[in-house]
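J.: For reference, the chains in residue letters:
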Amino acid sequence: ETGVTQSPTHLIKTRGQQVTLRCSSQSGHNTVSWYQQALGQGPQFIFQYYREEENGRGNFPPRFSGLQFPNYSSELNVNALELDDSALYLCASNYVGFGTDTQYFGPGTRLTVL
Amino acid sequence: SQQGEEDPQALSIQEGENATMNCSYKTSINNLQWYRQNSGRGLVHLILIRSNEREKHSGRLRVTLDTSKKSSSLLITASRAADTASYFCATDASGGSEKLVFGKGMKLTVNP
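Chains as they are written, first to last, in the working numbering: chain A, 1 to 114; chain B, 1 to 112.
Do not rely on the hints blindly, as some may be mistaken.
[Unchecked claim] Okay, the calculated beta carbon distance ranges per label pair:
| hint | chain 1 | residue 1 | chain 2 | residue 2 | range |
| --- | --- | --- | --- | --- | --- |
| 1 | B | 104 | A | 102 | 20 to 26 Å |
| 2 | A | 16 | B | 111 | 24 to 30 Å |
| 3 | B | 38 | A | 20 | 23 to 29 Å |
| 4 | A | 79 | B | 81 | 41 to 47 Å |
| 5 | B | 8 | A | 38 | 18 to 24 Å |
[To be verified] Coverage of chain B stretches by chain A, computed from C-beta distances (three or more under 8 Å per stretch; other residues unrestricted):
| hint | stretch |
| --- | --- |
| 6 | 11 to 22 |
| 7 | 41 to 49 |
Hints were generated in silico from the structure; no laboratory data involved. A virtual CB, placed ideally from N, CA and C, is assigned to each residue, including glycine.
Take these sequences, add in the hints, and give me the full structure.
T.: Next comes the structure, spelled out in structure tokens:
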């Protein structure tokens, strides 16, 4: 167990809808990253939040947005869903500051867009 | 874009055998990590090797890193059926970015 949880486990949406995915980080972790993993591929970095501010973004459009809260929870929001958004969404948390680089992943949310 | 490429893409072995998987990457790195993923679920961190290290051990795992060749290998000794999973290498690019860049992964099947 990594101490990182995600909800919901599975989600089915239709094209054009909006979705919010949630992540609860390990207590004390000040950084959360979100990744998208398409079937048969490795995870792709979406963005990272450090102390509630966006701290880097991958090659994803602005309809992917996020929030990080002081209570170690965070959200990934996707607007105007497209079929290609169907994937496993993973969040990962870590503490930046003590030289530890290991990111701890949650179990993921599988999103299906119909 | 994918930074690392695992090789082979799939490997099937018998329990007790050793499994070796390789990873190549493209840019300078701070560290390289290996993760395991079971059945499309979350990633489990296995081992991290820093750019100034050449070899590291953790239990049945041995990782090597050759920064001149931009490559790494993961050796799992005395494999077990429970080692059946997908394995990914991930690099943390130098320059302060904390984002991980993953390869496409390698599917390991350990037959009982």
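J.: Could you tell me which of the numbered hints above are not met by this structure, giving the numbers in increasing order?
T.: 2, 6
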